[in-house]
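2 protein chains.
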Amino acid sequence: MAVPGFMGRILRVDLTRGSCTASELPVEWKSLFLGGRGLGVGIVSSLLDPRTDALAPGNILVMAAGPLTGSGMPLGARYSVVSRSPLSGTLASSNSGGFFGPMLKQAGFDAVVIQGRAPRPSVLWIHDGTAEIRDAGASWGMTTSGAMAGIREEIASPKARVACIGPAGERLSRMAAIVNDLGRAAGRGGLGAVMGSKGLKAVAAEGNLGREPADPEEFLKVREEMRSLVDRSGISKGALHRFGTANLVRVINEAHLFPTRNYRESHFSEADQISGEKLAETILDRVVGCHSCAIACGREVRVGDETIHGPEYETIWAFGADCGVSSLEAIARANHLCNELGLDTVSTGATIACAMELSERRLIPERIRFGDREAVVDLVRKIGHREGIGDAMAEGSYRFALRHGHPEFSISVKGQEIPGYDPRGLMGQGLEYATSVRGACHVYGNMVYPEVFGIPVRLDPFTREGKAEWTKRMQDQAAAIDSLGICMFSFRIFSPALYARMAAAATALPVTEESLLLAGERCWNLQKIFNLRAGIGKADDTLPPRLLQEPVTSGPARGRVWQRQPLLDEYYAARGWDGGGQPTRDTLARLGITPVMVQGGAIPVGDG
Amino acid sequence: MAVPGFMGRILRVDLTRGSCTASELPVEWKSLFLGGRGLGVGIVSSLLDPRTDALAPGNILVMAAGPLTGSGMPLGARYSVVSRSPLSGTLASSNSGGFFGPMLKQAGFDAVVIQGRAPRPSVLWIHDGTAEIRDAGASWGMTTSGAMAGIREEIASPKARVACIGPAGERLSRMAAIVNDLGRAAGRGGLGAVMGSKGLKAVAAEGNLGREPADPEEFLKVREEMRSLVDRSGISKGALHRFGTANLVRVINEAHLFPTRNYRESHFSEADQISGEKLAETILDRVVGCHSCAIACGREVRVGDETIHGPEYETIWAFGADCGVSSLEAIARANHLCNELGLDTVSTGATIACAMELSERRLIPERIRFGDREAVVDLVRKIGHREGIGDAMAEGSYRFALRHGHPEFSISVKGQEIPGYDPRGLMGQGLEYATSVRGACHVYGNMVYPEVFGIPVRLDPFTREGKAEWTKRMQDQAAAIDSLGICMFSFRIFSPALYARMAAAATALPVTEESLLLAGERCWNLQKIFNLRAGIGKADDTLPPRLLQEPVTSGPARGRVWQRQPLLDEYYAARGWDGGGQPTRDTLARLGITPVMVQGGAIPVGDG
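So the sequence lines, in the order shown, correspond to chains Z and W.
Count the first sequence with my numbering and you get residues 1 to 608, in order.
Count the second sequence with my numbering and you get residues 1 to 608, in order.
One thing to keep in mind: the hints can contain errors.
Pairs involving identical chains hold if they fit within one copy or between any two copies, as the list cannot separate such chains.
To be verified - DMTMM-like mimics (lysine to aspartate or glutamate), calculated; alpha carbons at most 25 angstroms apart, straight line: (1) 538 / 49; (2) 382 / 132; (3) 382 / 135; (4) 538 / 586; (5) 382 / 14; (6) 159 / 270; (7) 159 / 300.
By construction, these hints were calculated from the structure, which means they are not laboratory data.
Isolated chain Z (complex conformation):
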């Protein structure tokens, strides 16, 4: 079934009370927030007191698909999870592909709003427009693949799609992911721990509900146009298809922007051993794709006797270069463990790298050496089960390093680990990390594209020219794409104007390029306002000391550090925020952000 547009219904689940209630999706929410990430942000912003502890029953977790999720549009397969993050304290979203998002809509709902805490471990089962809370039974305690199989059997629905947590989420690791369709995960921000704190093992969905697009003729026309753009771009036969996201390993390493051994160096001499090309030559079994995707950047690999989901670029970087490990097999095993235990690979790998540096400096008693491939795999297991040193590491690198008196060795922003592009040689990417409203992140803007690949424009990575404006634009655009329910790679092929035409055809909303970017900007500002009210402000819009003080030691960026000022002020100005990073009254008015959209109504307003 194709489901273009909105299903028009929201499911509200109160786990404390054990109730499920369906209600209509208000029409004004559709145009204000679109769906997916935007809708989740709108709901959490209006309902949640920002002082609520992320792991308290009062926190709210929203799972939301967008109007183009499952529509049949190329690359339209994403759903978003939105909640207060236990890792960063921000109002965060995290999204995932695969087949769960489209199935959630086919089961009848655009969004599920989950509050409270189940008195015993539970599973939410949504099917054909109805929902029930069931006992989690033996699935609680299981790894994600076991739980998915068990839950499908228990609900007697082999076609159901399941998003679930593993032991890491049950044990409240602040790096816990929500995994669906085996290797797909809403990974960043520890939102799996929010599910764990609510006693919710999984959400299972199934249904056969379909939707006609609002304007079928225009919809098919735009879809045809999109398909031919996909073909002409060559993306479905290019490097992303052939080598997966790991096609970037060589490129980024050759630019000396491949952070190595906890960001001490920017070039990994053994990078060729862990590249996408090497993966294709050695352990690759087959390529796999999400719903409606012709790129198929996913990998399945053979390790030992097993066929397992293969690692992405970020995962290869985190367990590889950042830990000084050059074994693709070890990385694939660590990745597989993260999928099974329900852990974010970026944060987990970077936390192990941080522990390696603390160990080398004799700041922790344990001996964990950079390059020790077996230690990496073993530590992932310990983190997932919170065994031994894994208990403290499960809190993430920032809390782990802080516990040992040295937070400066956590390479993170707002407590969330920085991914694998060295911002000392990428002024715009650094600005994106520093200002990202969910903590350090490479998919809330992707400045590496203009700075390295010249997409959609070429920007000099070492200067600040154009960085404030483009960072803002890329951030707003990413928020809009996440709200529509599409894969971020699509922006390499489609223009915002084309997205807008597709959304208009699917929904009958008067979506234009301008209104689309404005919805993204509205979403960004609502997340920012939540963070300000939670006490996360200008002082947190920065990078860790290493990236401000220790210059790159080799390559074209040699001698450079990331320069916070005047970049940050220029960015605030581009956003219409005051010098303290607070949206001004004019900006709020331009975005139509009103007190009713902010729980309690008190919006911090900047001067100027």
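The hints should help you fit chain W onto chain Z, whose structure is shown.
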């Protein structure tokens, strides 16, 4: 086994990780905090960030006995639970008698410190110096009596004593109690919801470990002296023994200080129908006492075919006069349901009274009439299971009334419901309610004793003379008594000097009357500092508008309201706090409160 003094060991339980670790009770904690409430406050103050949501896994719950708990000293049977309260947000303690506290010590520990959140419903089983976390099995979901029986059977220890939560705690009601020995409860502040949020159904304890007093000769001498004081006081044959705490119903009603119909009136014309005397004439089956108590103020009553635990004064007031109900049977049934569902009777009754007023004013759609005895019993059940209107009411009267736009009809301080002594005719009792560090409370100071009974001195209830100083003294004394592990009624018989001798004989600590009161004051100030850091300050040290603006309509106090100023300033001065209610540097120095005692170290310090 008698257990005078300290067992010398603390048990730390991390439910997230599933670990139990025993450690020594540091010697300086013994003199700084004594034990019980003081020890719990010291532990929570030093470990917990005051911004942690009370229902988040990060909150800490301490159960602690005192050095005189189970010592064989008359009335030495209390243990305290200390945590951040989900009802008031304060650092709160709540204590309970019966046999659980003495047994916790016999099992080997002065205190149990519980953190994290169990991945599945659990029971903590402490026996003979060891501890383990067990699956709660079928006990989760059960009422308290069923759970206690089931857990005893499961652990195969019929002599074990169990402190547990009922369905209300599992469902996170902010009025949830922790019940032990059937009718005994650590009721106030919703600490049962903290256990529920941690997935902890119960703590079971058993052991045969004993302790000799440090100075056996002196100990026996003081005990003899105490016993003869108990005899001479006649308390074990007097009104408290004969009519239970409900002996106060007539006295307080005749003084027109018996709040009626949600505090609108101060005299209940049908009070004789619900008095302790009437109870003794009608439904009383037998009197029951705690460990080492000759008073036996507890009741068992016959209602229908059942023998159930009988209601206390506060319970009779809350379900009776405050709801306009004059049926002892209905009150006893409501009380029994509270014990079984695990609810605080004061808050539950007062929340029903608040709903009755909202209904009468047509501020809620439901029709709930004052005086409807069946409605009271039915609402207790609904609150415990969070059914229908009971779901919102389970949050307590303040949040319930606020939800309907009229917080002024919640008769509470800091969100905790005020008990049954009208402060408009009791200036000192009002001051105690307004300033109590756990929210409105009658056992964090008992100013009703000097103001009504002339114990230990007679104070004119209508004036402010001596009130600031006596409120401070009674509050500090109560904190010391709670820290030693003794019943508060003991202060009617024993002097602080005698407590001090007993504590010194049991522990070998150099306890004097002065050091005892200082320990109480230290405890009080640590709770205050936590509250200030949690944002609870001077504006919250007040009574609800009704008690400041609507005069008493009958009796000796007719025409009076509670006068906040200059009483509050005098009290702050008596405490050595500045005009904003912050302890001054001198006060902190006098009490030996150092940054290490306060999590993070930042103590708010007042000027002056």
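Tested hints:
When the C-alpha separation of residue 538 and residue 49 is checked against a cutoff of 25 angstroms, the pair qualifies both within a copy, at 21 angstroms, and between copies, at 22 angstroms. Proximity of residue 382 and residue 132 under a CA criterion of 25 angstroms is satisfied inter-copy only: 21 angstroms between copies versus 34 angstroms inside one chain copy. For the homomeric pair residue 382 and residue 135, the shortest alpha-carbon distance between copies (22 angstroms) is at most 25 angstroms, but the shortest distance inside one copy (27 angstroms) is not. Only within a single protomer do residue 538 and residue 586 lie at most 25 angstroms apart by alpha-carbon distance; the minimum there is 20 angstroms, versus 36 angstroms between protomers.
Taking CA atoms no more than 25 angstroms apart as the test, residue 382 paired with residue 14 passes between copies only; the shortest distance there is 16 angstroms, against 33 angstroms inside one copy. With identical chains, the CA atoms of residue 159 and residue 270 are never at most 25 angstroms apart, being 43 angstroms at best within one copy and 65 angstroms at best between copies. In this homomeric assembly, residue 159 and residue 300 come within 25 angstroms of each other (Cα to Cα) only inside a single copy, at 21 angstroms, whereas the closest approach across copies is 58 angstroms.
When the structure is compared with the earlier hints, a violation turns up for hint 6 alone.
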